[in-house]
Amino acid sequence: MASPPTVDTTPGVVGVFGSLDGALLALRELKAKGYENLTVYSPVPNHDLEDVLAAPESPVRMFTLVGGLTGCAIGFFYAIATSLDWALVVGGKPIVSLPPYIILGFECTILFGALATVAGMFLNARLPKLRRSAGYDPRFSNDKIGVVAFGGPAQVAAAEQIMQAAGAEEVKGV
Amino acid sequence: MVHPAPHNAEPTYAEVNRDILRTLEKPTARWYAGVGVAFAFLVFGAFCWARQIYYGMGVTGYEPPAFWGTYVTSFVFWVGIAHSGTLISAILFLFRSGWRSAVYRASEAMTVIAVLTAALFIAVHLGRVWFIYWVPPYPNVRGLWPNPRSPLLWDVFAISTYLTVSATFLFMGLIPDIAVIRDAASGWRKRIYGMLSLGWRNSNHEWRHFMRMYLFLAALSTPLVLSVHSVVSWDFAMGIVPGWHATIFAPYFVAGAIFSGCGMVITILVPLRKYFHLERYVQVRHFENLAKLCLLTSSIVGYAYVTEYFIAWYSGNPFEREAFYSRAFGPYWWATWTMITCNVFIPLSLWSKKVRTNITALFIISIFINIGMWFERFVIIVTSLTHEYEPWQWGYYVPNWNELGILFGSFGWFALVFMMFCKVFPSIAIAEVKEALPPPGRSHGGGH
Numbered sequence: 000m001a002s003p004p005t006v007d008t009t010p011g012v013v014g015v016f017g018s019l020d021g022a023l024l025a026l027r028e029l030k031a032k033g034y035e036n037l038t039v040y041s042p043v044p045n046h047d048l049e050d051v052l053a054a055p056e057s058p059v060r061m062f063t064l065v066g067g068l069t070g071c072a073i074g075f076f077y078a079i080a081t082s083l084d085w086a087l088v089v090g091g092k093p094i095v096s097l098p099p100y101i102i103l104g105f106e107c108t109i110l111f112g113a114l115a116t117v118a119g120m121f122l123n124a125r126l127p128k129l130r131r132s133a134g135y136d137p138r139f140s141n142d143k144i145g146v147v148a149f150g151g152p153a154q155v156a157a158a159e160q161i162m163q164a165a166g167a168e169e170v171k172g173v
Numbered sequence: 000m001v002h003p004a005p006h007n008a009e010p011t012y013a014e015v016n017r018d019i020l021r022t023l024e025k026p027t028a029r030w031y032a033g034v035g036v037a038f039a040f041l042v043f044g045a046f047c048w049a050r051q052i053y054y055g056m057g058v059t060g061y062e063p064p065a066f067w068g069t070y071v072t073s074f075v076f077w078v079g080i081a082h083s084g085t086l087i088s089a090i091l092f093l094f095r096s097g098w099r100s101a102v103y104r105a106s107e108a109m110t111v112i113a114v115l116t117a118a119l120f121i122a123v124h125l126g127r128v129w130f131i132y133w134v135p136p137y138p139n140v141r142g143l144w145p146n147p148r149s150p151l152l153w154d155v156f157a158i159s160t161y162l163t164v165s166a167t168f169l170f171m172g173l174i175p176d177i178a179v180i181r182d183a184a185s186g187w188r189k190r191i192y193g194m195l196s197l198g199w200r201n202s203n204h205e206w207r208h209f210m211r212m213y214l215f216l217a218a219l220s221t222p223l224v225l226s227v228h229s230v231v232s233w234d235f236a237m238g239i240v241p242g243w244h245a246t247i248f249a250p251y252f253v254a255g256a257i258f259s260g261c262g263m264v265i266t267i268l269v270p271l272r273k274y275f276h277l278e279r280y281v282q283v284r285h286f287e288n289l290a291k292l293c294l295l296t297s298s299i300v301g302y303a304y305v306t307e308y309f310i311a312w313y314s315g316n317p318f319e320r321e322a323f324y325s326r327a328f329g330p331y332w333w334a335t336w337t338m339i340t341c342n343v344f345i346p347l348s349l350w351s352k353k354v355r356t357n358i359t360a361l362f363i364i365s366i367f368i369n370i371g372m373w374f375e376r377f378v379i380i381v382t383s384l385t386h387e388y389e390p391w392q393w394g395y396y397v398p399n400w401n402e403l404g405i406l407f408g409s410f411g412w413f414a415l416v417f418m419m420f421c422k423v424f425p426s427i428a429i430a431e432v433k434e435a436l437p438p439p440g441r442s443h444g445g446g447h
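Listed in order, the protein sequences are those of chains D and L. All residue numbers for the first sequence refer to numbering that gives the first Met the number 0, where the first residue is 0 and numbers rise by one. All residue numbers for the second sequence refer to numbering that gives the first Met the number 0, where the first residue is 0 and numbers rise by one.
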């Protein structure tokens with residue numbers, strides 16, 4: 000049977016760490032040696048890991064902003080357009096009475112903002128993921144941290160040594 | 000009784016997985032007994048509703064002038080219950096309150112199920128339920144759209160947004176935990192949880208976007224939760240009915256909603272913790288914090304009661320004065336004093352630390368809070384409608400057995416769905432509990 004496809008077909012190595020300190024040590028060393036294509040699997044998000052990886056700000060916030068503004072426009076448009084569609088005076092109020100329409104605008108801002116935020120997360124985090132992820136191990140959702148480094152054969156061999164020196168419990172190819 | 004902590008040491012990540020995944024194991028006979036009782040209530044409620052659909056609204060106690068009775072009371076009650084879940088999951092998240100991690104999943108599930116239960120009461124209240132498709136906003140056969148100045152239309156937008164956003168928030172928070180179940184499962188369970196986890200792998204790329212998404216969902220949910228019960232309160236406050244037409248209604252309803260919601264969280268967490276032996280995670284301090292929230296919101300609700308009476312007197316408006324005098328000393332005195340006793344006097348006992356840390360006492364108080372908050376909505380709705388401007392149109396309404404059957408059926412439905420949730424998904428958030436613990440190989444600090 001053919002081996003399952005992976006996200007990255009470049010050869011790589013995964014180190015399984017039982018301690019955060021060990022994983023951080025390996026990551027710092029790998030970064031210092033110029034490894035840029037690194038993936039870390041951790042049971043929970045961790046600021047120390049994020050600091051070492053120094054990833055740019057997530058663009059999800061832009062999705063929230065655009066979704067929220069779109070929702071706000073849709074809410075007000077709905078209220079104004081449906082009022083003008085049949086200009087019926089109710090309670091002696093103006094046909095377009097903005098104060099009550101703020102409620103519809105607000106609710107739609109939240110609804111569209113929230114849905115766009117989720118869509119932004121799905122798109123940026125590449126979810127749903129139908130393929131296997133290189134080096135993933137079920138232990139990474141329990142209590143282990145995985146560090147995956149990719150590169151040519153020489154780089155992979157060097158990364159393996161770095162991980163072992165940092166105290167990896169297990170190092171294997173991916 | 001105060002449970003001594005069975006394990007003083009903080010659990011490790013592996014122990015968190017083990018202990019919380021244990022809650023998903025095969026149910027015991029006691030669990031099935033609980034499901035059976037909830038199902039029996041649900042069946043009785045369904046029978047009452049079926050009877051109402053078959054014979055019409057005449058089987059209820061509704062008659063002029065009260066056409067908003069038990070069903071609207073229960074709708075507002077269940078929407079209110081839904082509020083503390085989002086308070087705990089979103090507002091306390093923004094405030095970085097670490098204690099929320101152990102209790103937020105159960106509260107959030109409670110929120111979604113409570114909104115669904117509230118939605119059921121819209122259907123029940125309609126009478127001709129087969130016309131429920133009239134609820135969404137679309138033009139009628141003459142091309143006339145619903146009036147966007149109407150609080151009932153605001154309600155449609157608010158409740159549907161709240162249901163969508165709270166369900167989204169619940170499911171998004173569940174994704175990393177579903178991945179944990181997938182990794183520990185085998186066979187068909189692994190396949191199903193694998194699909195539900197959407198292929199989540201705990202990678203730094205995923206966490207980076209996930210945490211941003213979670214932060215923004217919390218930021219959007221915070222004003223939402225405050226708006227929803229405000230909008231529900233305007234269903235009443237926008238009407239020129241004595242006892243309803245008050246500007247205090249929005250903050251008063253929001254505080255009441257959080258009060259009742261925290262009460263219900265205590266009601267469901269006590270048996271959940273005992274059955275699953277989760278004393279190590281849901282600790283007495285969590286209950287104490289919930290009790291403090293109850294105490295705070297009870298004080299706000301009590302203040303609102305006093306303000307309502309004061310303003311009714313100070314306004315000089317004879318109709319307002321009559322409405323409030325009638326509430327306290329008229330035919331519904333029993334409902335009003337039940338409300339005040341349960342919502343103001345009984346929670347005063349929470350000033351005592353001994354009471355706040357006594358799980359049995361808290362459980363009993365939380366039941367009184369639930370009863371009191373149902374009565375609060377009953378008092379607001381029914382006493383005002385039956386005692387409007389003209390004495391000839393005054394009346395007296397009490398729910399009959401058919402309406403109460405549906406009310407009790409809704410508790411059966413709520414309990415049943417919640418129990419099913421707890422057996423399919425972790426009722427304690429695995430990833431967030433781990434986040435609050437020191438990471439493996441490090442003796443200080445959590446993941447934050």
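There may be inaccurate statements among the hints.
As the list claims (entries may be wrong) - From chain D, some residues computed to sit far from chain L (all C-beta separations above 12 Å):
1) P10
2) R27
3) A31
4) T38
5) S41
6) G70
7) A80
8) E106
9) A115
10) Q163
11) A164
12) V170
What the hints assert, rightly or not - Covered stretches of chain D, as calculated for chain L (at least 3 residues, CB under 8 Å):
13) 12-21
14) 57-65
15) 88-101
16) 127-137
17) 153-162
Unchecked claim - Below, a list of computed lysine-lysine pairs in the DSS-like style, where the Cα atoms sit at most 27 Å apart:
18) L:K422 x D:K128
19) D:K32 x D:K171
20) L:K189 x L:K353
21) L:K422 x L:K25
22) L:K273 x L:K353
23) L:K189 x D:K128
24) L:K422 x L:K273
25) D:K171 x L:K189
26) D:K32 x D:K128
These are calculated hints, taken from the structure and not from any lab test. Glycine included, each C-beta is placed from N, C-alpha and C at the ideal position.
Violated hints - listed by number, lowest first: 4, 5, 6, 7, 8, 9, 17, 20, 26
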